[in-house]
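Protein chains in written order, with UniProt numbering: chain Z, 1 to 318; chain C, 1 to 318.
Calculated directly from the structure, the hints in this document are not laboratory data. Please read these numbers as outputs of a predicted model, since none were measured by experiment. All the pointers check out, no bait thrown in.
Note that identical chains are pooled: a pair holds if it fits in a single copy or bridges any two copies.
Quick list of in silico lysine-lysine cross-link-like pairs, DSSO-like style, CA-CA up to 30 Å:
| id | residue 1 | residue 2 |
| --- | --- | --- |
| 1 | K168 | K280 |
| 2 | K96 | K83 |
| 3 | K23 | K268 |
| 4 | K247 | K280 |
| 5 | K168 | K183 |
| 6 | K168 | K36 |
| 7 | K183 | K165 |
| 8 | K83 | K30 |
| 9 | K165 | K23 |
| 10 | K123 | K183 |
| 11 | K315 | K96 |
| 12 | K183 | K83 |
| 13 | K183 | K30 |
| 14 | K315 | K123 |
| 15 | K239 | K268 |
2 protein chains.
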Amino acid sequence: MRSHTYIDSMGFPSIMARILDGKRLASDIKEELKVKIENWVSLGNRAPSLRCIIVGDDPASQTYVRNKIQAALAVGIAAETIKYDETLSQEELLAKIDVLNRDEAVDGILVQLPLPGAMDERKICNAVAPEKDVDGFHIINVGQLCLDMPTMVPATALAVIEMLKRFKIDTLGRNAVVVGRSKNVGMPIAMMLHSDRNHDSGLGMDATVTICHRYTPREQLVTFCRNADIVITATGVPKLIQADMIKPGATVIDVGISRITDEQGKTKLVGDVDYDEVVKIAGAITPVPGGVGPMTVAMLMHNTFQAAQRIQDAKTLN
Amino acid sequence: MRSHTYIDSMGFPSIMARILDGKRLASDIKEELKVKIENWVSLGNRAPSLRCIIVGDDPASQTYVRNKIQAALAVGIAAETIKYDETLSQEELLAKIDVLNRDEAVDGILVQLPLPGAMDERKICNAVAPEKDVDGFHIINVGQLCLDMPTMVPATALAVIEMLKRFKIDTLGRNAVVVGRSKNVGMPIAMMLHSDRNHDSGLGMDATVTICHRYTPREQLVTFCRNADIVITATGVPKLIQADMIKPGATVIDVGISRITDEQGKTKLVGDVDYDEVVKIAGAITPVPGGVGPMTVAMLMHNTFQAAQRIQDAKTLN
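Construct the entire structure; sequences and hints are all you get.
Okay, structure coming up:
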């Protein structure tokens with residue numbers, strides 16, 4: 001509940017937003033997971049295991065996968081990268097996935113995107129066994145999510161929802177605006193935010209949700225945001241969300257990440273939100289970096305442990 | 001494009017809404033389907049075929065199924081009701097569905113809901129082969145819909161979208177409010193309304209969409225509706241949508257159907273909209289009855305023919 005008084009440029013005190021520290025929360029969650037996994041293993045279960053498939057040499061993908069493996073090992077997940085040359089054919093990749101699907105020693109399978117151009121990413125995502133699909137991209141996991149059923153939720157979307165829950169942001173009957181409708185981020189966030197507490201997912205956030213996107217006229221985006229208790233933005237457009245669009249006290253969650261060059265010629269990472277100004281108006285705000293980003297990796301670890309538990313439960317039931 | 005001048009209670013002329021005649025449109029669509037099916041059959045294909053499963057003796061369900069069969073036969077679909085006693089067990093029903101799934105003479109399978117209390121409707125819906133699931137309730141069809149992929153869309157939701165298209169209601173960048181978030185009606189409508197024109201579904205309506213529901217405070221519902229170019233309501237709450245909630249000229253689509261008793265003690269069917277007042281403000285409005293209702297059955301026939309074509313195409317490809 002950190003919020004502190006700030007003296008603005010006119011010399012007046014104003015209240016600055018509570019900073020929703022994703023880095024710290026992610027670290028707490030990973031610590032919790034580590035303990036849970038230790039307990040689970042001490043009950044005689046094998047450690048959860050994750051395989052990250054990477055095709056080709058994209059340097060950003062290499063970094064992402066390295067971070068995921070590192071986080072996995074730190075919480076006690078047996079994680080391995082499986083690297084293929086970019087000459088790998090789609091049929092070969094499907095065959096490799098099939099082997100992992102049937103491998104009882106594997107709980108979670110992640111195919112790092114983007115894949116080389118000739119591959120059909122939708123087909124590859126649907127080839128991963130739904131119960132091992134820790135990215136939550138399989139069509140059956142998407143269907144379950146949209147029906148408010150228990151499922152595997154894409155990690156970035158789950159990161160946003162987990163932050164709202166952990167930081168105790170009220171959602172029942174509140175107005176939430178989701179800016180950006182991507183199928184891996186904006187769409188699942190919008191689905192979860194308006195989920196019904198009487199349904200099986202156990203989530204039940206019950207917010208009124210508006211989905212804005214690139215065809216939403218600027219003045220309408222402003223109107224919707226000004227009326228929102230919660231603004232979640234995931235567009236990759238720096239400074240899209242300005243201070244005069246935010247209702248005083250609202251919660252602002254920034255999923256965007258863009259690399260920009262500032263006036264001094266230095267490159268830095270920024271989100272979609274004009275942070276320095278919005279922080280003076282909002283009630284709570286996520287920084288970029290250090291907000292949703294670190295939470296995403298933590299939620300991927302959560303998904304992997306969940307996969308291991310559900311696969312184990314299913315075996316016990318049979 | 002019918003809209004006509006109306007003299008209001010103060011003696012001033014006002015423009016009454018264009019009435020979106022779903023009964024007539026449904027009749028046109030069924031006529032088109034009849035011709036398309038005739039052509040298809042004349043090319044050597046067997047007539048599309050539909051099986052409607054009904055379990056137990058619920059009188060409303062009997063009527064619904066009878067209407068569907070009648071409409072099917074009228075457009076040239078070979079349709080049959082399969083009736084079971086309500087003592088049928090879930091396992092028996094699953095076995096019956098499995099037989100129909102594997103029957104090459106069957107294109108569409110519809111299980112009339114509600115099912116007797118002991119049955120798990122979600123499990124039954126997922127037991128129908130996705131390509132024969134003319135209700136669009138299978139989790140894979142829901143997943144495809146939510147990913148903007150070609151799929152089988154629940155008939156009532158498709159009816160609403162088809163009306164918007166046929167009556168040429170602009171949606172690009174317009175504000176749409178969906179009142180009611182049911183998984184068979186409100187949710188799929190909201191998904192299609194904000195679908196992206198660059199995605200595979202070919203739908204691409206690109207509206208800004210707000211999803212309201214029972215936890216949306218009344219004053220917020222009013223605010224969202226007043227700002228909307230299109231209001232779609234599917235709640236079953238009579239007179240929920242009042243004239244002072246509608247922007248002059250907006251389109252109002254009423255999916256609700258309730259049976260009420262009026263002051264004279266007569267029962268009649270009404271929607272969610274205070275029709276007699278809203279018709280004076282809206283630019284276009286669907287009546288109840290005679291709006292979305294008749295369109296639903298027409299879209300079910302559309303789905304059945306689509307199923308037959310896709311199954312045939314898949315065979316030809318193999």
